[in-house]
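*Asks:* Residue numbers (the numbering used here), protein chains in the order written: chain R, 1 to 502; chain Y, 1 to 103; chain S, 1 to 759.
For the record, the hints were derived by calculation from the structure and aren't laboratory data.
Any given hint could turn out to be false.
[To be verified] Straight-line alpha carbon distances no greater than 25 Å define the calculated DSS-like cross-link-like pairs of lysine-lysine that follow:
#: 1; chain 1: R; residue 1: 163; chain 2: Y; residue 2: 102
#: 2; chain 1: R; residue 1: 114; chain 2: R; residue 2: 449
#: 3; chain 1: Y; residue 1: 88; chain 2: R; residue 2: 165
#: 4; chain 1: Y; residue 1: 97; chain 2: S; residue 2: 725
#: 5; chain 1: R; residue 1: 165; chain 2: Y; residue 2: 102
#: 6; chain 1: Y; residue 1: 97; chain 2: S; residue 2: 726
#: 7; chain 1: Y; residue 1: 91; chain 2: Y; residue 2: 102
#: 8; chain 1: R; residue 1: 165; chain 2: Y; residue 2: 91
#: 9; chain 1: S; residue 1: 726; chain 2: Y; residue 2: 25
#: 10; chain 1: S; residue 1: 38; chain 2: R; residue 2: 375
#: 11; chain 1: S; residue 1: 497; chain 2: S; residue 2: 418
#: 12; chain 1: R; residue 1: 375; chain 2: R; residue 2: 445
#: 13; chain 1: R; residue 1: 39; chain 2: R; residue 2: 114
#: 14; chain 1: S; residue 1: 511; chain 2: S; residue 2: 43
#: 15; chain 1: Y; residue 1: 97; chain 2: R; residue 2: 165
#: 16; chain 1: Y; residue 1: 102; chain 2: S; residue 2: 726
#: 17; chain 1: R; residue 1: 163; chain 2: Y; residue 2: 91
#: 18; chain 1: R; residue 1: 163; chain 2: Y; residue 2: 97
#: 19; chain 1: S; residue 1: 419; chain 2: S; residue 2: 497
#: 20; chain 1: R; residue 1: 163; chain 2: Y; residue 2: 88
#: 21; chain 1: S; residue 1: 725; chain 2: Y; residue 2: 102
#: 22; chain 1: R; residue 1: 114; chain 2: Y; residue 2: 88
[Claimed, not checked] Residues on chain S that point at chain R, a partial pick, calculated with CB under 7 Å:
#: 23; residue: 83
#: 24; residue: 724
#: 25; residue: 742
#: 26; residue: 746
#: 27; residue: 747
Virtual Cβ for every residue (Gly too), placed ideally from N, Cα, C.
This is what each chain is made of:
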Amino acid sequence: MVDIISQGINLPLPLLMLLLGGLTSLMVGLLSERIGVAKLREVWMIIVSAATLTSIYYLNQSVQKAGVLVISIWGQLPPLGGCFEIDTLSIFMSGSIAVLGFLVALYSISYMEKESRLTEFYTLMTFMMAGMTGVVMAGDMFTLFVFWELMGLSSYVLVAFLKSKWGPIEAGFKYLVMSATAGAFLILSMAIIYGMTGTLNFAAIADNLRGAAVSPWIIALFSTLVVGFGVKSAIVPLHTWLPDAHPEAPSPISALLSGIVIETGLYALARVLFLTFDPGMFKLPIAFLAVLTMTLANVMALLQTDIKRLLAYSSIAQVGYMLIGLAAGTTYGFMALFLHIFNHSMMKGMAFLASGSIVHETGTRDISSLRGIGKMMPVTSLSLFIALLGLGGVPGTNGFISKYHLFSAAFGSGLGWLGIMGVLNSALSMAYYIRIMQVLLGSPKEGFKANEAPILMLTVTMAMAAIIVILGIWPAPLINFATSASQSLVEGLSTYIGAVLG
Amino acid sequence: MVPLEPFLVSVGLMFVIGLYSLMVKRDMVRILIGVEILFNSANLCFIALSTQVPGFVDPYAHSIVMMAIVLDGTVIAVGLAMVMNVYKHYKTIDIRKLRRLKW
Amino acid sequence: MDTVALLTPLEIILKYPGPWLAWILPMLGALSMPLINKWFGHKIRDYAAVVWGLTAVLSAASMVPWLFSGHYPGDIQIATWITFPNGHPLMVGVLVDPLSIIICNVVAFISFLIIVYSTSYMHGDEHLTRFWFFFLYFIGSMLLLVLSDNLIQTMVGWEGVGICSYGLIGYYYRDAKDRWLGGPPPQKMFPPSHCGMKAFVVTGIGDVLILGAIFIIFNFAGTLNYVELIETAGVWVPKIAATPGLLALTAVLFLGGPIGKSAQFPLHEWLPEAMAGPTSVSALIHAATMVKAGVYLVARFSPIFYLGTWVMHIPEAQVYFITIACVGAFTCFMAASQALVSVELKKILAYSTVSQIGYMMLGLGVSGLSEGAYVAGLTAGVFHLASHALFKAALFLGAGSVIHAIHTIYTFNMGGMKKYMPITFILMTIATASLAGIPPLSGFWSKDSVFLACLVADTPLSMTLLAVGAISAAMTFFYSIRYINITFLGHESQHIKDMEHHGHHPHEAPKTMWVPIAILVTLVCVVGFLGLIGFFVPYFSPEIFIEKQMHAMLHHMEIPLHSHHLEFSTTLTAWGTSAAMLLIGGVLGWIFYLSRKVDSGKFVSGNPILRPINTFLVNRWYMNSTYYAIFVYGLIDFAKVVFASMESLVFDKITAFVSGSTIAIGKVLHVFETKVYDPAINVGLVNVFVEGGRMLFQDLETDIIDEGLNNGIPAAMTGLHNRVKKLQSGVLSYNIIYMVVIFLVLILGFALIQMYGVI
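Produce the entire structure from the sequences given, and follow the hints as far as they go.
*Replies:* Right, here's the structure in full:
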């Protein structure tokens, strides 16, 4: 069951690939400028993403054999030193990260063609993915924090990437301040954990702290954890950076941010909350936050005029749905949570990419001026349409499958009112999705011309649309994977603890 | 055993001061300093709790604090770079002028 | 049935290619049609369509040896599709047993012949690629429907044929004037797009009903695989029957699908309108295959209800059989009566189809009315299915040739076609004779087997239905003589004379058109002849052959059968009934049509009894108009009322809900104050009631319900948005304040929960 790999600097292979890939990406970028070979950096980015995907596949096989894989980073063995603890859940999340990262890298080859400072772009994107992979594979709180900050740093700069405009700068600054504050809260929570147990290792925390009686310290710990992780996860009212940051970021980065960075925050919240507390304890507060998040985000999204801002609010609402799964606290609830994480990454990622294509071709983000775009960009509009159907939870798309599981998990764990709120919010959200669909299918104004997006962007969006529809009709393999992921979290707790503590 | 209460009180005070700077101050650099104070209060909490083990001071917390200081510093550095960019666009570093993105 | 062990899917398909390729290849063919058209051009595309049809025939034919050998693979499953938490996983599979093999072959063979016919009939049409796409996809879906081994796959095929039927009926969706159906004016005429939609909607009603039945069955049985359903019927049927009425409800809901798809009463109105499509489509879908899908499904599911009725002795299960028998018999009668007076050639054939399917349903229905009649009824239904497919397809193709030649659909524009189209005349007459049930053609034997099944069942209900069926048989012969006479015999109509005058001579159909009809008619004769020989040598009789197959299939399913010895007297009674009905119909037909002694038109309009009956029949028993009045025009008018009220109020009252409802509440209060309170104080009690009523209706209804629901919810949401959006102010300091606030709220909230123990 336990597989502790040797001492020395050890990193899981995908993480190692991403980190090294990021470092070399800098050199490759400089090299490509010197030699004059175009697209070298892009190709290197694709190679790195593809290699990460394959290495995750092989890592999955080791994890399946071993149950839980513990990799100690340097020096001391856990629980004294830092470690990576990789179980099926980590594989699931890093798989989602790698898949979306690969697709976005493909897309941004075409999208970011005319931008400058591309070396920094790809390097930062690689580091962001590395940070996320590190977060999902972390075995102790501090490792998680280090990679959390890595992910955050890269994302601050990426949001403010197009620094020649005022929008990204303002959004980036606000994002940075709020996220840094949350980081401070996180360190505080780590301090509290350390004060109570003397260690920061997840397994040791689960062994010691779980099921303890509620004391003021536990309450403070819970609150700091929620605030600390909640800013990145866009839980209301900690979400206020998101409607500014996601529209202003370049579209591939928006897709990554909405698609997987927020979800990594939610993963971290789920993991740490589950390992530290008994699910029955945080059921009500998380349910309250879920309702608040869903409702507020859906209401705010109703009359937005900027398409990317609307999608950003929609992301916040989707996080609300995912919190329903977290509030349920059972294996089924967590399965629904992780299933929706993957599905949302596909749907929202693709929605941002498709709307990025539209913005790329027409130069405007205003919804009402995009009327009739469906006739001129049929393929992109079709994929955006499918993504919106999925986000609204229409049967036949994978969004329906995961929403169904989320709500039925809520009903199953006694939070019936939460499930009903979820369904009502889902119906409400359809109102603004249909608004976009109307615009797509409307008739164009005079003099409105736009070409179809370049072939690479089309391929990526169509591939993701196909994934959405196929997973909607045949969800069985994904559901099995998500179930085993959530089982390794909930029911495999003793295995998790035993892997480190023996 | 070093008494814990003074440490915790100072942590709490620093926390509040940091949050106050964030909430009230107008100058962006002061806001970043507020973030820095927040970070430092959390680090101080770590150090404070590391003294509670009878007999010796746990070096684990200290190593964590060292790494945390590095990370905080990086974040603040990036923040200051952003402040410079903001100045280029807005010609001011008053946070209340950064209100163009709303609703 | 043997369930084959799970090898890899590809291995299984290679081991039993027939059942799988039969439906996969036509679907691939459909997908390939646009590509072939683009790369190779029109001619190769048409040949390719024929080739794809041929692959379906060959795949289906490869399964026939299993019929003769007696060993068939049964349920072949290749992969798991959906896993349910508690219950059997749903597998992708095919069920190969005599029922599916027979129907599969009938479908594939007739489809192939019709493809050949269509290459000539539809020649020159510029949208032919779309036609081939839908056609081939239809064949694939139909074969999938017939071959699949579980209800969900059947439903996939069911919906597939539904969408192809919609696409093919509405093939001329651009609604060129000459494609409209109905009339002649002043009767209402319908465009093809409307007809396609009507077919889709009406069969869709049936689909919803059968979905309800599937849900109920799945809830109690935990599986949807036919083999497993029959095997475990002893467990779940009593569970359903534990709730009184639920089994009957399930049976009726389940029958809703076949009733819709096979155009039985009350979901029959789409089939006459479906004649708007090209004739090959009418021949294929609405004569030979799609409408038989319902019959197939009724037959496929009947063992379960048979077990319920006669083995588990649950009387409710018999509702299945009673319902379908009564529906079948009534439809048979009703449609035959409507065929008596129709003026469009294809519509006569359409009503005839509905009527004949009524026979099949009748046969399947009476099979469960008594224990000994099961095999007889099943045989009757399947035999009449196959035999009807043959001759009705031939009739439709022939009618298509006639219509193609003289460019009119109305029978009064035809007449005397015998001398222009002799081959078609002979072929259609033979097929019509089979339709009417003239011995020794196949139609006689199959219709006779339905009568036989009724007689074998020997219950009062089956005898009554036999009488209904017999009367319909007389009517069938009558209208057969009618339309043969109107079309081919007698004098030329004015329309044809005009055509000749303009130089367009009606000519015989080309070889590609009459050869398929000839093949079908030959088969009809062959089957008839075999039936005749089979009377003396039972081995050759097709009826006995199907009966043996059904027997073997039921035996494999381990269904206990009550063996019934067929008395010769029963057979004689059946023949006697057929002969009597033929005589009646024939005599009347001779009087009115063949000998022209009495002009039918004058006779009917002169007679005070027959004239209203004629009007009643011509207006399709007023059912079509009733359906339209309630469901189409009624709903449109209702929608107009709702829209008008929303329209006028939306533009006037887009302002915030608060002001609106405040005004409303204020108004109510004001009215209450002035109109109720004051007069009450002033002893104006009558006023109170009057005004109270007005206030209740007007203010409650219009202000609160109308405004509340139609404007209130959107206005509430937008109002909420406008108030809430101020929170996202963009000021960083406020954002930080939110963070701190939620932090404190969480701590406080948690502490409160702890103190008051609410977890």
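*Asks:* If a hint holds in the structure, say so; if it doesn't, say that too.
*Replies:* Each hint tested on the structure:
With a C-alpha separation of about 19 Å, the suggested pair residue 163 of chain R and residue 102 of chain Y falls inside the 25 Å cut-off, and the hint holds. In summary, the hint linking residue 114 of chain R to residue 449 of chain R is supported, as the alpha carbons are separated by about 21 Å, within the 25 Å threshold. For the given pair, residue 88 of chain Y sits about 10 Å from residue 165 of chain R by alpha-carbon distance, which is consistent with the 25 Å threshold. Distance check on the hinted pair: residue 97 of chain Y and residue 725 of chain S sit about 19 Å apart at the alpha-carbon level, within 25 Å; holds.
In summary, the hint linking residue 165 of chain R to residue 102 of chain Y is supported, as the alpha carbons are separated by about 16 Å, within the 25 Å threshold. Pair hint residue 97 of chain Y plus residue 726 of chain S holds up; C-alpha atoms about 17 Å apart against a cutoff of 25 Å. At roughly 20 Å between alpha-carbon atoms, residue 91 of chain Y and residue 102 of chain Y fall within 25 Å of each other, so this suggested pair holds. With a C-alpha separation of about 14 Å, the suggested pair residue 165 of chain R and residue 91 of chain Y falls inside the 25 Å cut-off, and the hint holds.
Under the criterion of a C-alpha separation no larger than 25 Å, the hint pairing residue 726 of chain S with residue 25 of chain Y is consistent with the structure, at around 21 Å. Among the hinted pairs, residue 38 of chain S with residue 375 of chain R is consistent with the structure: their alpha-carbon atoms are about 23 Å apart, no more than 25 Å. A threshold of 25 Å between alpha carbons decides the hint, and for residue 497 of chain S with residue 418 of chain S the separation of about 14 Å falls inside it, so the pair holds. This hinted pair checks out: residue 375 of chain R and residue 445 of chain R have alpha carbons roughly 11 Å apart, not beyond 25 Å.
Taking the CA atoms of residue 39 of chain R and residue 114 of chain R, the gap is about 12 Å. The hint holds against a cut of 25 Å. Restraint check for residue 511 of chain S and residue 43 of chain S: satisfied, since their Cα atoms lie roughly 17 Å apart, inside the 25 Å limit. A distance of roughly 16 Å separates the Cα atoms of residue 97 of chain Y and residue 165 of chain R; the hinted pair therefore holds under the 25 Å criterion. Between residue 102 of chain Y and residue 726 of chain S the alpha-carbon distance is near 8 Å, which keeps this suggested pair within the 25 Å criterion.
Only pairs whose Cα atoms come within 25 Å are accepted, and residue 163 of chain R paired with residue 91 of chain Y is accepted, the gap being roughly 15 Å. Between the alpha carbons of residue 163 of chain R and residue 97 of chain Y the distance comes to roughly 18 Å, so the proposed pair stays at or under 25 Å and holds. Our distance criterion of 25 Å between C-alpha atoms is met by residue 419 of chain S and residue 497 of chain S, whose separation comes to about 13 Å. With a C-alpha separation of about 10 Å, the suggested pairing of residue 163 of chain R with residue 88 of chain Y holds against the 25 Å cut-off.
For the hint pairing residue 725 of chain S with residue 102 of chain Y, the CA-to-CA distance comes to about 9 Å; that is within 25 Å, so the pair holds. Distance restraint check for residue 114 of chain R and residue 88 of chain Y: the Cα-Cα separation of roughly 23 Å lies within the 25 Å cut-off, and the hinted pair is therefore satisfied. Annotation: residue 83 of chain S was flagged as interfacial toward chain R, and the flag holds, the nearest CB pair being 6 Å apart, inside 7 Å. Interface restraint check for residue 724 of chain S: the shortest CB-CB distance to chain R comes to about 5 Å, inside 7 Å, so the restraint holds.
Hint status for residue 742 of chain S relative to chain R: holds, with the closest Cβ pair at about 5 Å, below 7 Å. The criterion of a C-beta within 7 Å of any C-beta in chain R is met by residue 746 of chain S, whose closest approach is roughly 4 Å, and the hint holds. This hint holds: residue 747 of chain S has a C-beta 5 Å from the nearest C-beta of chain R, less than the 7 Å allowed.
Checked against the numbered hints listed earlier, the structure breaks none of them; every hint is satisfied.
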